[in-house]
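As you go down the protein sequences, you meet chains A and B in turn. Residues in the first sequence are numbered from 1 upward in steps of one, following this note's numbering. Residues in the second sequence are numbered from 1 upward in steps of one, following this note's numbering.
Rather than coming from a laboratory, the hints here were simulated on the basis of the structure. Quick caveat: nothing in here was measured; it's all calculated off a predicted structure. The reader is advised that the hints may include incorrect statements.
[Said to hold, decoys possible] The calculated label-pair distances, taken between Cβ atoms and stated as ranges, are: (1) Ser582(B) x Glu532(A): 29 to 35 Å; (2) Lys674(B) x Ala539(A): 40 to 46 Å; (3) Lys402(A) x Trp71(B): 31 to 37 Å; (4) Asn673(A) x Lys50(B): 47 to 53 Å; (5) Asn103(A) x Asn673(B): 56 to 62 Å; (6) Lys546(B) x Ala539(A): 53 to 59 Å.
No residue lacks a Cβ here, since even glycine has one placed at the ideal position from N, Cα and C.
Protein chains: 2
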Amino acid sequence: MNQDYIKPDNWSIIEEGFDAESVKSSESLFSIGNGAMGQRANFEESYTGKTFQGSYIAGIYYPDKTKVGWWKNGYPEYFAKVLNAPNWIGIDIEINGENLDMNACTEVTDFRRELNMKEGWYNRSFKAKLKNGTEIAVNVTRFLSITLDEVGIINYEITPLNKDAKIVYKPYIDAGVTNEDANWDEKFWEPLEVKHIGNEAFVTAQTFKTHFKVTTFMHNSVLENDRNLNLSPTNFDTSADKIQSSYAVIVAQGKKSSIQKIGGYTVSLNHANTLTAAEKVIQSALAKGYDQLLQDQIDAWAKIWEMSDITIDGDVKAQQGIRFNIFQLNQTYLGKDSRLNIGPKGFTGEKYGGSTYWDTEAYCIPFYMATKDQEVARNLLTYRYNQLDKAIENAEKNLGFKDGAALYPMVTMNGEECHNEWEITHEEIHRNGAIAFAIFNYHRFTGDYSYIPEKGLEVLIGIARFWHQRANFSKDKNQYVILGVTGPNEYENNINNNFYTNYIAKWCIDYTYEQIKKVSLEFPSDHKRIIEKVKLAEAELQEWKKVADNMYFPKSEELGVYLQQDGFLDKDLVPVKDLDPSQRPINQKWSWDRVLRSPYIKQADVLQCFYFFEEHFSKEELKRNFEFYESFTVHESSLSPCVHSIQAAALDKMDMAYTFYLRTSRLDLDDYNKEVEEGCHITSMAGTWMSIVEGFGGMRVKNNALHFSPKIPKEWKAYSFKINFRGQILKVDINHSETAFSVDGTEELTIVVNNNAVVVSPYNTVTVK
Amino acid sequence: MNQDYIKPDNWSIIEEGFDAESVKSSESLFSIGNGAMGQRANFEESYTGKTFQGSYIAGIYYPDKTKVGWWKNGYPEYFAKVLNAPNWIGIDIEINGENLDMNACTEVTDFRRELNMKEGWYNRSFKAKLKNGTEIAVNVTRFLSITLDEVGIINYEITPLNKDAKIVYKPYIDAGVTNEDANWDEKFWEPLEVKHIGNEAFVTAQTFKTHFKVTTFMHNSVLENDRNLNLSPTNFDTSADKIQSSYAVIVAQGKKSSIQKIGGYTVSLNHANTLTAAEKVIQSALAKGYDQLLQDQIDAWAKIWEMSDITIDGDVKAQQGIRFNIFQLNQTYLGKDSRLNIGPKGFTGEKYGGSTYWDTEAYCIPFYMATKDQEVARNLLTYRYNQLDKAIENAEKNLGFKDGAALYPMVTMNGEECHNEWEITHEEIHRNGAIAFAIFNYHRFTGDYSYIPEKGLEVLIGIARFWHQRANFSKDKNQYVILGVTGPNEYENNINNNFYTNYIAKWCIDYTYEQIKKVSLEFPSDHKRIIEKVKLAEAELQEWKKVADNMYFPKSEELGVYLQQDGFLDKDLVPVKDLDPSQRPINQKWSWDRVLRSPYIKQADVLQCFYFFEEHFSKEELKRNFEFYESFTVHESSLSPCVHSIQAAALDKMDMAYTFYLRTSRLDLDDYNKEVEEGCHITSMAGTWMSIVEGFGGMRVKNNALHFSPKIPKEWKAYSFKINFRGQILKVDINHSETAFSVDGTEELTIVVNNNAVVVSPYNTVTVK
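Okay, chain A solo, but in the shape it has when bound (with noise of 0.2 Å):
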C-alpha cells in the first residue's frame, strides 16, 4: 500500500517526481479511455526501463487456444483474450542525434502527471538533460475523443533549455505488439497493408483466426511556438507491420517545439473499409484542430459529470477517490453500443480474459441506470439477448441440459465462454441468477417494461429452464435441491444447497412465471411470438413450479441463520478477528484445500441474497445474518466491501460502513494489492459508488419511488450525489443536520426520505432534517 503516492487532488491524479519502479503502476493508474478505445499510459518517447505496452480496442478479441494442466470434459477449447492492439501513440525522438530516453538521461527532474478527470485529459511533463548535455523540458498532453471516438491526439511540446537543439521527430504506428498473457507465445496479428500519403499513414492488420480488420492511423504536424510548420516527412521507413516518418527541426534555446499526433483505428466491426474510413476520421478531426477538440472533450465531461458525479465536503482524498473511480467507469464504458461491456481491468490492462462477468449485472448496471439515460442499462441488458443463443449452446452442448435451458458464461467476450475451471465454469451457474436479476432491476428503477415482452422474457425463461432442469429431487430431504454448485464465495467448490444459488433460482422461476402470466394479458401478441419459438407449453410451467414451490434452503433454527451451504456448521468456526493476521490474506497464505474447508468467505454470499433481495427478509434477519457472516468474511474480493458497506449502513453500523466504503475507494489510487501495475478494477468501482448512494444515502426503488434514509459519515462534513430517475435529475445534498434534495426538470418528483413521502418540484430545494 502506498498511501501517499499520489497526491490528493479534488479533480486530477496526479504524481510527482520520476520513480522508475512506479512506471507501470502509474501506466495502469494514468490510462485513458472513451468507451471505444483506451490505452495504458506508456511514454510516447522510447522508453527501456520496465513498462508494460497496453493498448485495446473495444469489442475486438482473440480466441487463445486452452492451457490447463488436465483437461475437464466442457472445457470450451479456446478463451477470448484481451487483444493488445496497434500501438499509434509511439513518436521516437532525438535530440541532436541522441534518442530520447528517460531511462538513459543522466537528469530527470521536475517529473510529473496529471490525468484532469474533469476535462478528461492526461498529461506529463518533465526535464531532462541527455547524455549529450542537452537539457530539455517536454509536455506532452494526450485524450482519447469522446466526441470522434476513433480518434486520439497528442501534442508533445519540447523545449530546449540550454542550447539550440536539432529535433527529429519519428512518430510511427507498429502493428507488431504481441500480449504479455498468452497461452502460447502465437502472434495474434496478421498484418495486411502498410500505407503512407503526405502527412498521413495507415497500418491496416486482421486479427487471426477471428478476423477482425482493424486500420490502425496517423496524422502528424509540427509546430512551432504552436504555429503549424506544415513540414512533410523527410523520410518513412516502413515494414511488413510498422511504419515511421521522420520531421526534422532545428529549435532555438527557450523557443517551444511541438509535433501534434492525430492517432487511433478504424475497425471492421463498422465500417466495410476500413482503410477509405481511417482517412474520413483524419479530416474530420483535422477540420476540428486541436483546441476545438479538446473544448469537445471538456464539453463531454462536462456533461458525463453533470449526471454523475459525488461530491464529498472535508475528505479530499475520499473526494478524489470516488471521482477516480467513476472517471474509470465512465472511460470504460459509454453505453453507446449494445455490442460491448464492462471488462474487469477496462482498458487498463489484459489481465483476465473475455469481458463481462456477473459483475456487470450485479454491480454495474446500478450505476449506469441512475448515472446515464435507461438506453445505456437497456444496452446492457440486450447484449445478454444477442448472446441468448450462445448461451443455449453453451448449456447444450457443453454441459448436457436440453429444451432450451440457458446458461451463461462465466467469462465471456462474444457469448461463448472464456474460463477453465470446472469449480467456477460449470459450477458458477449463479450468474444466471444475477443475468435475470438485472431485467427485474431494470424494469423496477427505469418503469420501461417494453424491455421484458420484447427480448428479456426469452432470456427468462432460458434462465428458467435451466434452473427447473438443474435442480434434482431429493427423497431423502422431500425437497428440491441443487447440489455441486460455487456460490458467489468462490473460497467454498462443489458444495450442495448454496442458500443463494437455491433462493435465486426459486426466485428466477417464480419471477418468469409472473412474467409469463403478465405478458400473456398485457403484450397477447409477444406472448404468442415468444411462446411458439420457444415452444413452451403450460405442462412445463407446472413442472417449474413444482421446483419452485419445494426448493430446499439450508437454515439453522438455533442460530436464527440461513446456511451458507449444506454442512457449513461442520466447520471449526473461528472468526476472523481471532486468526493469526500473519495467515492473512488466506489465498496466498494457504494451500487450497485449506481455504476451501476454512469458515472464510471471500464475498458477500448469504448476504448477496439480502441484498438483491432486502424486502423479503426483516431487518432482524439481515441482523443476525450479517453479524454471523461478516465475522467470518475475509473481503478478499474486491467486490466484496461495498454490500458490506451497505448493510452495515442499513443497520446503523456507519463506522463498520465507512471502513468498508475506504477499502474500495482507493484500492487502485493506494495499490492495497500490489497489483496495480496490471490494471484497475473496473468493476468494483462501481460498488464504491453503491457504497454511497446505496448506503450512506440509503437509496432504494420501491412502488416506482425512490427512498432515502440518509446517514453521513462522521469523518465528512458533507457530500452529495445524482439519481438520473426516469428522465428527472434528482440532486441529494446530505450533511450532517440534514438532506437538501432538488430536481433538475420540469416536472415535480414525489420520493420517500426515511419512510415519509415528499415532493421535490423544479427550483425548489426541500430540506429535510
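Starting from the known structure of chain A, fit chain B onto it as the hints suggest.
Coordinates of chain B only, in the frame set by chain A:
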C-alpha cells in the same frame, strides 16, 4: 475392443499379419522389461510409419515444469516425469543399397510377433520385398536379461530369398531422444561424451536438472549361419549425441546372416564411473555369450513362474490374460531395489508422470507378498520410509500442517508430489491411510514384526499426526469430522465426511497408538529412539485418541448402509442399469460438474473400506452396502472391478464375480479402452491376481494362518495358484468337485478351509471336497 487380434495361447502373446494401424498398440503389448529397465516393442530397423518410441530406465526421471491453467497455492513447481531414455536398439539396415523400412517395402508377408512369457523373450519375423526387388526373411529375437540386468541383447537375422544381397548393418545409439508427453518442449538429455573402441561404442549423457548420468552402450558382432565373422566396423558416424557403426557383408541367396547387438545402460545411481562400468558389463555379457544369456533368461523366468504362476484349465483366453498380467508385473518390478516402485504404465509408456501411486499399497503389495520373498514387500514399504522426510516437508511447507505430520504425495518419483489438481493432490488424502494399512498388511501376512520398530512406526506416527490435525471438531455434530476431501471414488470432489477416509483415519490413529504401546513394551530401545526423534508426548497421544474415539461416520439407518459422504442421499439415485448406455462412459460423455453431482461411482469407495477391513463388518452389512453401492458404480477405473469381484465371490454372486474378473484380465490384450497404444495398465494387473486368489480362492490371512473358501466360475474346468506363505509355497488346485492343497517345503502348514483347519504336510496333497 479388439478381442480377436491377439492369438489365444497359453504361454505366449502372438500377433500374426502386419497391420500398420496396430503398430503402436503392439509396441505396448510386446514391451519387455527386467525391473531395471524396459522398452516398448519398437522395431530395430528404420520405420517411417506411426510409432511411439520408448525406452525407460528405472529411477531415472526429469522434473518437468508444472503446467496448469490456474495456479493454486500448494501446487508443486515441478512434476517428475518418466523419461524416454537413449535408444540402444536401433539398427539401420541396407539391403542392396536400399534402406529397410517395412512402411516402404512393396510387400510384407508372414509378419508375426511372439512375446514368450514362459521364457522371457520377444521375437518378430517377417518376409519383405524391397522396392529394388530383393526379397528377404527377417527373424529378430530380443530380451532384457534378468540375471545381468543392465544388459539387453538382440539377435537380428536376415536371409536373402531371391538373390544374393549386400547387407550393411548400421547399429547405433542415440541420446537425441524426446518425450511425446512433455509440458514445455524442453530437451531432457544433455550429451556429454561419445566414444568407440573396436565393436563397442558408448554415449554418455546426463539429464538436465536432475543430473542422472547414463552411459548407453552397444557391442556388435556379425555372424553368418551362426558363425561369428569377427568383423570390425567399416565406419563410425558420430555426432554430439549419437554414434552409428557400419558392417557390410555379401550374403548368398538362402544363407542366413545375422548381427548380435548387446546394449543397455549403466547409470550413476549405481556406478561412480558409468563408462568404466559399461565396459565391464559388456565383458560380462560377452563372457556368457548369446546362448548362455538366453538360457539364464529362461531359467530366471522359470523361477519366477515357479512361485507366481496361475493356471486356468478350460479357458485359454483367461489363461493367457492372467499370465500376461503376472508377466508384466514381474517385468516392471522385481523388488531388488527399495529406491524403485511400480509405475502405472511400467516400462510400456510414458503417460502419467511419477512412478508411485497408492495403487502400490492397496493393490500391488498383496501380489508381491504372496509371490516373492518377503524382502520384496519390505522394500516397497522401505521406499515410503525413505520418503518420510519429504512427506513431512510436503505437509508442512505446502499444506500448513505442523509438528511432524506427514502427507505422502498422490503421485511421486522421489518423494515429492508430482500431481497438480487441487481436488486430487490436496484432497485425495486417503492415500495416507493405504500406506499405513500396507504396514499392517505386511505384518499380518509375513508375521515379520521387525519392520515396525525399525522403520514403520515412524511412518505411522507421521500419518497419525496428519489425521489428528486434519480432522476438526464439529460443534454441530459434537463429533470430529473431516471436511473437503476426495475419496477413492474420484467422481466426487471436495466432499465432507467421506466414510472411507474417516474410517481409515480413525483406524490409522488407533493402529499407531497400539503399535506405540507394543513397541514400548517389546522393543523399548527402539521406542526410546523413535519417541525422542519425533518428540511425541503422551499428551499428544491422548489428543489423537480423542479424535479417533469421537470420529463421525455418515450412515443411513433406514437403508442400513454407510454413506459415501454427507448428503449422498440427496442425489438423483438412478442405478447404472437404468442409465442410457449412450451416456457411457460418463467421464467421456458428461461434463465434470454433471459427473460430480451424479450418484455414479468410479471405483470402490465405501466398499474399499469393506475390502480392507472385512472382518470389522458382518456379512449382512457387506451385502447391503455392496448391493447399494455397486448399483451406482460405473467401474471407469481399471482398479474398480477387482474389489467388486472379490466381494461378489464372498457373497456367492459368482456370475457377477466372473464378469468383473473378465473386465480386467484382458483389459490391455483386448484393448477395451482403445488406449493400449499409450502403454499397459500395470498396477491394475495386480487386482486381476487378487480377483482369482482372494476372490475365487477366497484367500485371507487371519490369526497367522491362511484361510480359503474355494469357488470356481462355471466357465472353467479347474484353476490353480501358489502362495508363498512365510517361506513355504502352498499350491492350491481347484476344480468343480474339490480343492487340492500341497506344500513345497519341509514343514507342515495348517490352513483353514471353509472354516475348518486342514494340515498340509510336505509330499502329501490334501484334498478338500
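These are the hints, each one checked on the structure:
Remark: the range hint 29 to 35 Å for Ser582(B) to Glu532(A) is upheld by a beta-carbon distance near 30 Å. Judged by the Cβ atoms, the range 40 to 46 Å given for Lys674(B) and Ala539(A) holds: they are separated by roughly 42 Å. For the pair Lys402(A) and Trp71(B), the beta carbons lie near 35 Å from each other, so the given range of 31 to 37 Å is met. Checked against the hint of 47 to 53 Å, the C-beta distance between Asn673(A) and Lys50(B) comes to roughly 51 Å, which is consistent with it.
Distance hint for Asn103(A) and Asn673(B): a CB-CB separation of about 58 Å, consistent with the stated range 56 to 62 Å. Between Lys546(B) and Ala539(A) the C-beta distance comes to about 56 Å, which sits within the given range of 53 to 59 Å.
The structure meets every hint from the earlier list without exception.
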